[in-house]
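S.K.: Residue numbers (the numbering used here), protein chains in the order written: chain D, 13 to 254; chain X, 85 to 500.
Bear in mind the hints are in silico, worked out from the structure with no lab data behind them.
Please note: incorrect hints may appear among the correct ones.
[Stated by the list, open to error] Under the rule of at most 27 Å between Cα atoms (straight-line distance), these lysine-lysine pairs were calculated in the BS3-like manner:
#, chain 1, residue 1, chain 2, residue 2
1, X, 363, X, 322
2, X, 405, X, 363
3, D, 167, X, 405
4, D, 167, X, 363
5, X, 286, X, 322
6, X, 363, X, 326
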Amino acid sequence: MSAAAPARRPARAPGDLVIRIEGVTKLYRMGAETIHALRGVNLKIRRNEYLAVMGPSGSGKSTLMNMLGCLDTPSAGRYDFNGKDVARMVDDELAEIRNREIGFVFQTFNLLPRSDALHNVELPLVYAGVRPAARRERALGALRNVGLGDRIHHKPNEMSGGQRQRVAIARALVNHPSILLADEPTGNLDSRTGEEIMALFEDLYEQGHTIIVVTHEENIARHARRVVRLRDGLIESDGPVA
Amino acid sequence: MARLFQELVESVRIAFGQIRANGLRSVLTALGVIIGIVAVTLMGTAINGIDIGFNRSLAMLGEDVLYVQRWPWRRVEDWWSYVNRPALEVETAERLNRVIEATPGSLLEVAVPVATRGTSVRAGELRLAGVMLFGTTGDYARIVTTDVAEGRMFNAVEASVGRPVCVLGSAVAENLFPSGSALDQQVQIRGELYTVIGVLAKQGEFLGLFSFDNQIVAPLNTMRRQTGIRANLDLRVKVRDKTRLAAAEEELIGAMRRVRGQLPGERDNFSVNQQQAFKEQLDPVKAGIALAGLFITGLSLFVGAIGIMNITFVSVKERTKEIGTRKALGARRRTILLQFLIEAVSICLIGGLVGLGVTLAASLVLATLLPALPIAFSPGLMAVSVLVSILTGVVSGFAPAWGASRLDPVVALRYE
Ligand SMILES: Nc1ncnc2c1ncn2[C@@H]1O[C@H](COP(=O)(O)OP(=O)(O)O)[C@@H](O)[C@H]1O
Ligand SMILES: [Mg+2]
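Throw the hints in and build the complete structure from the sequences for me.
M.R.: The following block contains the structure:
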C-alpha cells in the first residue's frame, strides 16, 4: 500500500447496468430565484466500474451524487437503479435501497461521535435488522478489511482523519452494497492521507466493488478508470481516464 | 419484525447515551416530570386515603344501624321546623320495641336509647377532658360495632338498677391507667365513682374529627340518677338484614309514626339517619378535592411536558446532521420517529419513577409520623403514574420526533 505510487491495473470488464439516468434535472427554489443544479444529465454506470465525477465547485456534483444515492429525487427525468424506477419509490423504499444497495462516504466522515468504530460500522446492519452476534462479526470483518482491526473500540475523536474515513468506508461496505458513493472523500485529509484512502479504494475496486468518487482534484481522479466532467449542471465530457 | 426490534434496542441505547451525555440538562428536564408525577401520586394517595378513612369511619357508625334523632344528618334550611320536635325518650324506645315485636316478619331487631354528652373523667391524679359519655341500656351490647377487648359489657340488670359500672374506650383506658389494666379500677365522672368492667377495642378517629376511642359507656339509669347530667338522647335501631336497609328504614318510619301517634299527611316529627347520609354529604367534597387535584396535577404535568417538548426540539436540532447520516445509512422515517420518541419517553419514565420514589418515601415518613392519617399508596396508583409518564413522553415528544422523521436527508446532511 504505497502512497506515492499506487498500483494501477487495467479496468475490469464492466458488468450489468446498475444506474441509468436520462434527462435528469434538479431545481432548487430559493425564494423567487430558481437554481438549476442539474439541467438534463444522461449517465449509465455498470457493475465493476470505477468512476470519477469532476467539475468546479457549484457544478452540481453533490446534487448528482445525492440523486444517485437515492437521498434526493429528480425534478424531472428518469432514474433507474438496478432496473427499478427510483422516482416512483416511496420514502421507505428509498431507505431500503440506501440501506442495502448503496454505501455512502462523506467528506466530513459523519461518524456518530459517541459510538466506537465497531458500533458505527454496525449501524447499517441495525437498520437491516441483523442480529447482534452476526452484526458484530460482519462489522469486525469490514473494519479488518480497511486495516482497522485493532481500533474497533476507539471513538472518532480518538482517531486520525484517515482512520475516521476508513471507519466510514467500512460502514459503507458492511452491508455489501451494489455501489460505493464517495463525495470528496479526501477533501478533509492531507494529501498523503488522501493518497492512502485512494489506495484503499484501488484495493476495493480490485476486490470487485463498484465505485463512484466525486472530486475536483485531477490527481485523485486519476485513480479512476472513467471520468465524467460536469459544468453548470451539464455533462461536459465522459470517457476513460487518459 | 426482527428489524423493528433491532431498531428499538438501538433507540433505547441512543436515548440513554444521550441522557448520560447531557446529564444536567436531562436532570433539569426530568424535574418537571418528577414534580408532575409527585403531584399525581400525592393527590391519588390523598384521595385514596380520604376514601379509606371515610369508609372506616362510617363502619364505626354501624352498617346495620339506623339512628332515630330530632335532626337529620344534613344541612337544613328550615331549621325552625325541627327545633320544636319532641325529644326522644327512653319510653319512646320501649314503645318502639313493642311495635317491632308486634310486627310479624319485622326487618328491625331492637331499638336502643343512647344518651350522649361530653364530660371529663378522673382517676386518681389523672384527669381527662373532652370524653364522650354514652348512657344506654343492656341492649347496647347488641348494636355496638366494636369488640370488648377486656372484661365485658354491663348486662340488662346492671343497666336497669343503675349500677355504677362503666366500659372505657381504649384511649380513655390508656390515658387514665397508663401503667396497667383499667379493669376493676375506679374512675370518677362528675363526682361519682364508677367501676371499670370492660375496655373497648381500638377504633380510631371518625373522619379525623374526634376519636371513637375517647368514649365511656355507662348505664343510662346510673347517669340519670346523677344531678347535673343532661344529655341528648337518640335511638339506635338494629336492622336484621343490612342488604334491605331501605325497606327497614321505611318500616322504622312507619313504626315511629305509630309510636308518636302521627296522623296521615302530617310531617314526621323525627328523623331517621344512617351512614349513607354522610356519604351523600361527603361525595361533593371528595369530587371537589379530586377536581382541584386534577387541575394542579394537570398543570404541573403540562409544565413538565413543555420542558420535554422543548428539550426534544433542541435534541433534534443539535443532531440534524446525524439524522441525515442515519437516513443515508438506511434509517426509515419510523426509525427516526421512534428514536426521538423513545428519548422523550425515557426522560419522562425516569422522572416518573423518581417521582414515584419521592412520593413513596414521603408517604412512608408521613405514615410513621402521623399513624392516624389513612395513607393508601396503591399498586394501581403506581401503574397510573408510570402510564402517565409514558403518555407525557409520547405526547410531548411527538411533534419534534415527527419533524425529525420528515427531514429531507439532503437538507439534514447539509445542516451545520
Ligand atoms: N439544498 C439546496 N438549496 C438550494 N440550492 C442548492 C441546494 N443544494 C445545492 N444547491 C445549489 O445547486 C448548485 C449545485 O450544488 P452542488 O451539487 O452542491 O455543487 P458541487 O457539489 O458541485 O459543488 C449550487 O449552485 C448550489 O448552490
Ligand atoms: Mg459538493
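S.K.: All hints, please: hold or fail.
M.R.: Quick rundown of the hints versus the structure:
Taking the CA atoms of residue 363(X) and residue 322(X), the gap is near 20 Å; set against the 27 Å cutoff, the hint holds. Pair hint residue 405(X) plus residue 363(X) does not hold up; C-alpha atoms about 62 Å apart against a cutoff of 27 Å. A C-alpha spacing of about 18 Å is found between residue 167(D) and residue 405(X), which places the hinted pair at or below 27 Å, so the restraint holds. This hinted pair does not check out: residue 167(D) and residue 363(X) have alpha carbons roughly 66 Å apart, beyond 27 Å.
Our distance criterion of 27 Å between C-alpha atoms is met by residue 286(X) and residue 322(X), whose separation comes to about 22 Å. The hinted pair formed by residue 363(X) and residue 326(X) meets the criterion: a straight-line CA distance of about 16 Å does not exceed 27 Å.
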